[in-house]
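If you follow the hints, you should be able to join the two separate chains into one complex; please do so.
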Amino acid sequence: MRTAFVESLSQAASENPDIWLLCGDVGFSVFEPFATKFPERYINVGIAEQNMVGIATGIALSGKTVFIYSIGNFPTLRCIEQVRNDVCHHGADVKIVAVGAGYAYSTQGYTHHAIEDAAIVAMLPGIEVFAPCDPQEVRAATRLIASSRKPSYLRLSRVGEPNLGSGAVTDIRKPRVLRDGRDIVILTSGSIASQALVAAEMLEKRGEDVGVVNISCLKPFDATSVRDVTHRATLVVTLEEHSLCGGLFSKVATTFAGEARRPPIVGIGIEEQESGTSYGGSREALLDAAGLSVDAIIARIERELRKRPR
Amino acid sequence: MSNTNRPDTNLPEPKEFARRIRAHALQMVHAANASHIGGCLSMADILAVLYTRILRVDPNNARAPGRDRFVLSKGHATAILYAALAECGFFPVDELKTYCKDGSILTGHVSHAVPGVEVSTGSLGHGLPIAIGMAIAARAEGRGSRVFCLLSDGECDEGSTWEGILFAPHHGLANLCAIVDFNKIQSFGSVAEVLNLEPFADKWRAFGWHVEEVDGHDGTDLERALSAAPVASGRPVVTIAHTVKGKGVSFMENRLEWHYRAPSAEQLAAALAEVGA
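Line order of the protein sequences matches chains D and R. For the first sequence, the working numbering begins at 1 and goes up steadily by one. For the second sequence, the working numbering begins at 311 and goes up steadily by one.
Isolated chain R, as found in the complex (with noise of 0.2 Å):
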């Protein structure tokens, strides 16, 4: 089985695929008035590339045995998965309308209620537990099958996630890519300021991962890094996507603010704008 190119979709480019999902989390948050907007615009690449290019998984047959397993681990950012699971047909684009509204599965942090969802996440710390056992039970059935799990940095703080990253490794989980979201600010600074994590790259490496450290925007570099596994050293793989927190939009760049606040109607047209819709 190929690692990479999905044969099997009408899917965009990474590029249109991610404009599209910035919008549809921009329009959600807005209309929600939620949260954790920066921290869907920093992983809209990722995930687009990953649906786009990468994860064998059908929208038809969502629960295919030898699918591939994508977990969010960071949960809080959901409007954008649930964005993602919508263009590529899990269901109907027009119910990302109701996020977070009166009796929507599209709750505010992900649920596997939503069809293409895996897991349900939102406290942090959970996912890569739960991707490592669903690489170790893929392995024992030689599916070939591999799984994705999506990190915050910020959740790079939690001790459950370096019991995952002790592991792994440990039991040659080749089949597992971790991929953190390294958009540098976590929910009350930044990582440097909180907690710092550096030398991060060396920290994984040290756990004896395979690392990869790519610009997370870049669509060319994703693909490549996020097709890496198996390595041929038997290592699990990490991505560490050099991300910018609210990527596309100028004002909500690098800005903590917008972790917490929803766009107002003015905003989200300027936003709008900005990232093509």
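Isolated chain D (complex conformation) (with noise of 0.2 Å):
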């Protein structure tokens, strides 16, 4: 994903000049290309987010696009009141992008696990947000936010993921249906989603009919799309790499509130953990422990079905 987003950058970049790159000392091994190529327009602003997200507001509201870059919760939770009053209030053009997407830094421990950043960002006036689920999307989301003239944020994963589904990106603004399927409908966000894929084929091998469908822009959120994927389902999934608390289930919850006739929902992610709560070792193991294994996601949905009437 990171690759993906640097390589749509620098494109970006050469096809318009007012287009800036600020980051927080992170990006070794990934920048330097840039720097090369756009000295001018490159600033490592040291480790101070703050600062970063100030002076990016600053540049930003001279007329020009500015992206800012960082690991997970840096240029999100700890610059938060920046991101709030400089760059929302005042609507600066400024694109906050962060590496790490949930437990994407997995053995890094606590500080660098990015479970609450999209609900908290997204509660923020006027910025949209997108946690796109493979380097396709990635690419689509850096081209949408490199010309949207609005403050964005890009929520992405690591490195490796691979490309998801078999179709094109046509709208990164729109659900994309990674799994076709109708009677369960799995809504994923970020790259969780290929998580997803296999329990909807494990889930199919058992003669159900399961669909995944991506949602990568999160705010603004596309509800009469989600409604149209789900119409026909008799059960809504969500998945997300995220706190259940005010990301992707209490957007799709929000959508089907106070509808007299919907399915029922359930919300698969990050349950509130309990102060001092913290445990090493791999993604992998990190996402068994929170319920957001393959096998997790099946039992969950299996129960769910279980509850239907025979």
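A hint or two may mislead.
[Said to hold, decoys possible] The calculated label-pair distances, taken between Cβ atoms and stated as ranges, are: (1) R:GLY469 with D:VAL198: 32 to 38 Å; (2) R:HIS480 with D:THR3: 45 to 51 Å; (3) D:THR224 with R:GLY482: 49 to 55 Å.
[Said to hold, decoys possible] To spell it out: a stretch of chain D is covered by chain R in this simulated footprint if at least three of its residues, at any positions, have a beta carbon under 8 Å from a beta carbon of chain R; those stretches are: (4) 31-45; (5) 53-62; (6) 80-90.
Just so you know, these hints were derived from the structure itself, not from any lab. Where is the CB? At the ideal position from N, CA and C, for every residue including glycine.
Here it is as structure tokens:
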């Protein structure tokens, strides 16, 4: 994902001389080509995210499009008030890019787990939020935000994620069907979508009809399209590598709230953890502990199916 | 382009400009039963010199790309900024009466909805980084415009301010001018008691700034210091303006309570008499 982002950004910067990139002293072996090609539009701000967001705002208010880049919670939670007051309130053309969504920085521990970021950022006014599931969605999202002239948040996983689904990305703002199926529809967001596809495959072998749809654009949330892709579903599942509070599940549940006829909606995501809880280990181990492994996803869906009248 | 003596204005001398905006601010804070009059009065002379002598801004073309930028980082001292902008002609002086009233754009902390205001501030420690970004963009475009950022002493407690202080000299931002309204009193006591900044000027020097220390109520001194940028060394310039909180109204000077209180009708009359309104 990171590679897809940098390549797309470089392309956009070649076409638009007003695109700048600031990083918070991260991106070793990633940004060197950009820095070499566009030295006058690249600044390593140092380890100072509040300053980075303020500077980005100042440059953006002078007519530029400014990408800022750091790890997980650093360009978001660390400087959330700068994002709110400086970027969002002024509608500054600043693009916040965080690498390490969810448990991507697994072994690095609690500080590097970005599991509330999308909800917190999406709560702020006027900012668009994208959580692409694969490199081709990253390219589409990067292209879009490079020219949207709006504050944006781009939530990336890390490196080596495969492309998912067979179809091309036509409109990154719309839900993208990764797998056809209409009785059970798993709505996902971000690279955890690959788990949904494996789970769907296995459920199909057990006789279920399961679709998988990635929602890269969490804000503005396209509620109409979400209703369309789930309109024949008897069970809607949301799957996110993020807190269950304020993310995809919340947005989907809100979409259906108040409707008399609606499918049951099962939210699979990260439950709030008690203070002091922190495990090391691989992303797989952390997903497993959080109930986000393929086996756990299948078990959760089957438990729901058993509730159905026979 | 000359650094000083804006050629295109019919504005009064700084002293008269300061007298007018002090009077407006006192009336506004009284009428709105608002706060922060002390910090407004301490920076009146700084604003007066900036708007009458230094800033290349045009009320008839407030968004001209080549304009100088002014960022008021101490966004609580908003009454006197609005007064200055109105006196410059960015909007009618009469609108100052709506300060903090229902439906008014003249909010109690600085709002960029107000003509002539570059950025909204109010939470401390935000202004300098934004000003730095503006200075970077101006330099990249070769516009020759300068960026001025006025900070309070209290907001030099904020880590984000020091992130900016560290950054600007490293990047040789010669078109950046920070100003500190060093009135020595913050929200809950004197700066020396709450969180001592001294040796303040030495700290800026150690971080790589060109430092000007002036009497923040002396127009000549202020005009010289605020005209200093760009300096030959290419460093950003900070003007540490030694000021008196509540300056111009004897019973408000150096009194912490006027960070919070609004003058009564009686106090307003006395204050206006003292500032010469």
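These are the hints, each one checked on the structure:
no.: 1; hint: R:GLY469 with D:VAL198: 32 to 38 Å; result: 45 Å, violated
no.: 2; hint: R:HIS480 with D:THR3: 45 to 51 Å; result: 30 Å, violated
no.: 3; hint: D:THR224 with R:GLY482: 49 to 55 Å; result: 52 Å, holds
no.: 4; hint: 31-45; result: holds (count 4)
no.: 5; hint: 53-62; result: holds (count 10)
no.: 6; hint: 80-90; result: holds (count 6)
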